[in-house]
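Novice: What follows is the residue order along each chain.
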Amino acid sequence: MMRVLSFLLTIALVCSATVAFAQTKSTVPRGPDAKPDLTGVWQGGSTIRGSWDEANGGLGVGGSGRNPNTPTILSSNDRPAGREAAPYQEWAAKKVMESFNKRGIDDPTAFCLPGGIPRAVMLGLYPQKIVQTPKEIVILYEYMNVFRIIPLNAKHPEDLLPSYLGDSVGHWEGDTLVVDVTGFNDKTWLAGTGTFHSEDLHITERYTRVDKDQINYEVTMVDPKVFTKPWTLHSTIMLREGTRLQEYICAENNIDPARYEELLKQGIKISR
Amino acid sequence: MARKLFWMCAAAGCALALWAIPASAHHSFGAEYDANQPITVTGVVTKIEWTNPHSFIYLDVTDKSGKVANWKFEGYGPGVLYRNGWKKDVSMKPGDHITIFGWRARDGTNWAHSREITLADGKKMMFGPPAGTGDGGNTPAVDVR
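Here the protein sequences line up with chains X and S, keeping their order. When the letters of the first sequence are read in order and numbered with the numbering used here, they come out as residues 1 to 272. When the letters of the second sequence are read in order and numbered with the numbering used here, they come out as residues 1 to 145.
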């Protein structure tokens, strides 16, 4: 009897070890073309695994979310700790500081304009949904209800009109999706208060799904008109199974620009 | 000692990682509201606007002399509130007796930015982001020269 039991136990252990091994080997879901499948609802700017509730405490995003007295948290307007300074030319850095000192009242999103790239990718308050096919990848952003269509192995059209999210084309380099984005207007902020750019902005994004839960995101921004060198940022995008994108119609009740104007007219000090 | 230092650093790293989670801001709460003027008021909900980009709660607050003033509190848009556990017309309704913690508007009017709400049944929920959200944080994107 003991022999049978120990035999069964051994079989069970071997089986579970095999299953565990198989799971670690296959944690990146793959499409019919064997490329990593990025399809799903994701949260940018987070490092925490799990559902939206588990990762955000159900109490709001940012800081601990649990302590209402938290004085300041990072938002998509803030510079994360440890991040190197954006390499703006001196005149351009002064312009960034003007926005910072005005507490970002000139933020394009305050006027319901799109967050742009990479801001929309890296922010955490609103989810984004990636829909992947072998020929193209579509990314839907809840924030400002905007979308990107990323054809694979395609060229940018030659007659591009400058736009908020630019024109994206992608290709695979091994297991990394590389997206080339150009054709921007100059009306968005990149990552942080006042981080403006010119129409010459050229962005390269690299999406690497390292396991079921996580995409490593690297973005390099090149804009010789405002930067002294390319600006590269790293972030992670986390899977949020069970989360649905909601509608976000910003123009519905946007009273903020009028409010800023009113405060300034009254001579209320809002700058730093 | 070295071991203790390692664990202290590990804990600090963890705190930093949490700290670095970007929320988002549609606009600068820091410009409109003063993080140095926290306020807690209790009153009766008169109206709720579940709207984008921000929702608003209107609250009748009675002072010691019996005088009633209507307060306006700004908070997250409906999508964020939904993900934070709020249910429109269920979690909180006009007529409910609630307490709101937040920060006052810079112009000193009966207007504030909400953070934590204590509902009629004592349950606490977040209706808005922490103070200062969206104003650029403590460190600008460029090094100040």
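Treat the hints as calculated values from the structure; they're not laboratory data. Computed from a predicted model, the values in this text were never measured in an experiment. Check before you lean on any hint, since a few could be wrong.
As the list claims (entries may be wrong) - Just a few of them, taken from the derived set where beta-carbon distance is under 10 Å, the chain X residues facing chain S:
1. Ser-163
2. Tyr-164
3. Thr-193
Stated by the list, open to error - Anything over 12 Å on all C-beta distances counts as not near chain X; from chain S, calculated:
4. Ala-31
5. Glu-32
6. Asp-34
7. Glu-49
8. Pro-53
9. Thr-62
10. Ser-65
11. Lys-67
12. Val-68
13. Val-80
14. Leu-81
15. Arg-83
16. His-97
17. Ile-98
18. Met-126
Glycine included, every Cβ here is placed at the ideal spot set by N, Cα and C.
Novice: Which earlier hints can't be squared with this structure?
Specialist: 1, 2, 4, 5, 6, 7, 8, 13, 14, 15, 18
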